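Protein chains in written order, with this note's numbering: chain A, 14 to 349; chain B, 273 to 598.
Hints are not guaranteed to be accurate.
What the hints assert, rightly or not - Derived DSSO-like pairs: lysine-lysine, alpha-carbon spacing no greater than 30 Å straight-line:
#1 B:471 / B:520
#2 A:348 / A:337
#3 B:541 / B:520
#4 A:348 / B:520
#5 A:23 / A:119
#6 B:479 / B:541
#7 B:541 / A:338
#8 A:337 / B:471
#9 A:119 / A:338
Derived by calculation from the structure, the hints in this document are not laboratory data.
Computed from a prediction, not measured in an experiment: that's the story for all the values here.
Single-letter residue listing:
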Amino acid sequence: MAGATAVGTKPLIRVEGLEKHFPAESHWFRRSDSFVHAVDGISFELARGESFGLVGESGCGKTTTGRLLVRLAEPTGGHVLFDDGEGASTDITTLRGDDLKAFRRKAQMIFQDPYESLNPRRTIFDTVAEPLKVQNACPPLERMERVSRMLEMVGLTPPATYLFRYPHELSGGQRQRVAIARALVIEPIFVVADEPTSMLDVSIRTGVMNLMESLAERLGISYLYITHDLAVARYMCSRIAVMYLGKIVEMGDTEAVLQNPQHPYTQALLSAVPIPDPTATRAPVRISGGVARPLDPPPRCRFYSRCPIADDFCRDNPHPPLEKKGAGQRVACYKA
Amino acid sequence: MPNRSSSAPVLTVEDLTMYYGTRSGDVQAVDGVSFAVGRGESVGLVGESGCGKSSIAMTLLKLLPENGRIVDGRILLDGTDLAPLSEDRMRTHRWNRIAMVFQAAMNSFNPVYTVGDQIIEALETHIETDPDVSMERVRELYDLVSLDPSFIGRYPHEYSGGMKQRAGIAMALACEPDLLIADEPTTALDVIVQDRILKELRNVQQKLNMSLIYISHDMAVIAEVSHTVGVMYAGRIVEWGETVDIFKNPMHPYTQTLMSAFPSVTGPKHELAMLGGEPPNLLNPPSGCRFHPRCPYATDICRTDEPPRVEGSGTHWAACWHPLEA
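Starting from the given sequences, assemble the full structure and let the hints guide the process.
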């Protein structure tokens with residue numbers, strides 16, 4: 014897989030068998046004995062300077078994965094090795110106290126909804142300066158300058174006209190620029206972007222996508238880009254992983270996966286995307302049923318119940334491993 | 273794209289203007305909109321947030337909030353003007369002749385009644401039937417939208433998002449309306465579910481020869497469901513025409529931007545277009561062409577004078593001083 018680490022040799026992040034199982038029903042006195050397998054043993058690498066996409070439908074575990082990678086959630090298994098290039102790589106799943114705080118300075122998250130993620134009672138300056146304050150990243154007197162510079166970088170110019178405004182005075186696109194500024198102001202090297210453009214209108218969206226791309230180049234940021242929109246992933250990510258019920262079912266170079274999908278789920282997902290051309294016809298979507306809740310899933314391929322090509326072998330064997338197939342991608346399917 | 277079977281229009285909207293009154297003045301949400309929908313025809317209204325597409329839907333059904341008022345224009349449903357009708361008179365048309373599927377169908381059901389009971393209630397409010405007949409009708413409706421009839425007696429929380437949206441469509445179809453308005457019915461759904469709902473809608477529309485107004489921000493969905501497209505910007509229709517014409521030869525600069533701003537999963541990877549600036553404030557919309565502050569082709573006349581309607585082939589037109597060459 015990551016023979017394609019374009020920049021540097023060692024990956025920035027190596028995820029090994031990452032797992033997050035939520036107890037299905039919590040009870041005061043009784044431990045839960047059934048679990049939702051939100052993320053169920055996934056492994057991938059993210060190269061330095063790369064933009065890696067996680068795609069899939071609601072409930073596939075992509076957001077949980079993102080939260081685990083910046084330690085906004087605690088994994089129940091597996092490792093996340095983070096190598097900032099300044100020494101040995103650290104397993105962030107065991108970080109505590111000051112070490113965790115130091116990690117947060119290098120890893121940040123951008124959330125989906127700019128209407129929810131900004132505090133309505135705080136000015137833009139307060140919001141963007143907050144990480145600098147918490148991390149004590151610069152002397153207080155320099156905060157104004159750092160924030161102004163950051164606002165300029167995200168295209169909120171001149172910064173002086175935005176510093177003391179409140180979120181409700183800004184449009185959706187401008188709010189998302191503020192959210193990006195807040196995430197980048199302490200100069201992280203890794204950013205998890207969770208559907209950062211899905212709430213924005215198309216004419217605004219392109220600007221935010223371009224901005225995120227140019228900032229990554231300028232500031233040397235690697236993104237984990239989470240999206241349900243394959244077309245957006247195509248423009249933002251060099252490699253993608255398709256998730257289904259907590260598992261990665263296909264992973265590889267974005268163009269390879271989208272032009273020549275191997276897993277039946279990826280194929281269905283792609284043929285369900287409407288084409289903006291009234292004379293085009295799409296291949297029929299061949300899968301049935303809906304996404305189940307990954308509650309104590311049986312030990313077979315997660316996609317078995319909806320798969321158009323599954324047979325007895327798929328029923329009687331464990332979930333298939335990710336194996337190299339096709340042009341530069343890896344696929345978890347016995348039949349592909 | 274489905275086939276069309278059109279004749280005299282079911283709905284003719286003439287110069288419709290609707291404002292929301294606020295403390296700071298009137299928000300000119302819909303401004304002089306005119307169009308017609310033929311029988312069995314499917315019209316797509318496309319535009320970004322705040323362009324007035326949902327406001328048009330609410331105006332056609334006269335489900336406006338207290339501060340919304342029709343300032344001018346006519347809404348002719350088979351010749352009857354709905355605009356001046358009282359709420360009592362309107363109730364006889366709403367749902368019977370003109371029905372709606374909402375974006376958040378998941379939330380438009382009451383959680384404490386079964387979905388079946390709610391559809392029966394809608395039926396019995398609008399057409400008198402005895403309970404056995406209503407139940408039979410609900411079964412037919414479930415069949416029509418491919419819902420399992422065993423779910424009739426279940427509560428909304430037992431339905432998935434896609435199933436609730438289907439139930440929403442079933443409820444809207446209960447009284448066999450002549451015109452169905454669907455406002456972003458698949459926006460909150462995953463693509464695979466969206467694909468099924470779109471197919472269902474097209475099937476039902478053809479089977480019942482019903483007219484459809486489909487409202488969406490998504491050009492790709494519009495391309496798949498509509499015969500005719502109206503592109504909206506800042507409360508006005510800026511371009512109108514058959515779907516193929518709009519997509520092959522967009523005449524308005526806004527339509528062109530909207531189409532090339534959409535990333536595509538198949539085909540060549542094109543440069544994504546973007547617009548500078550922000551959508552206008554409709555409390556005080558720009559003079560002349562409302563798109564001029566963001567238009568790359570704008571000249572002095574665009575700032576001062578209302579744009580003329582430029583005709584293309586067939587029903588195709590655009591309101592623009594500098595339409596793009598076909």
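Problem set entry | Numbers of unmet hints, in rising order | 4, 6, 8 and 9
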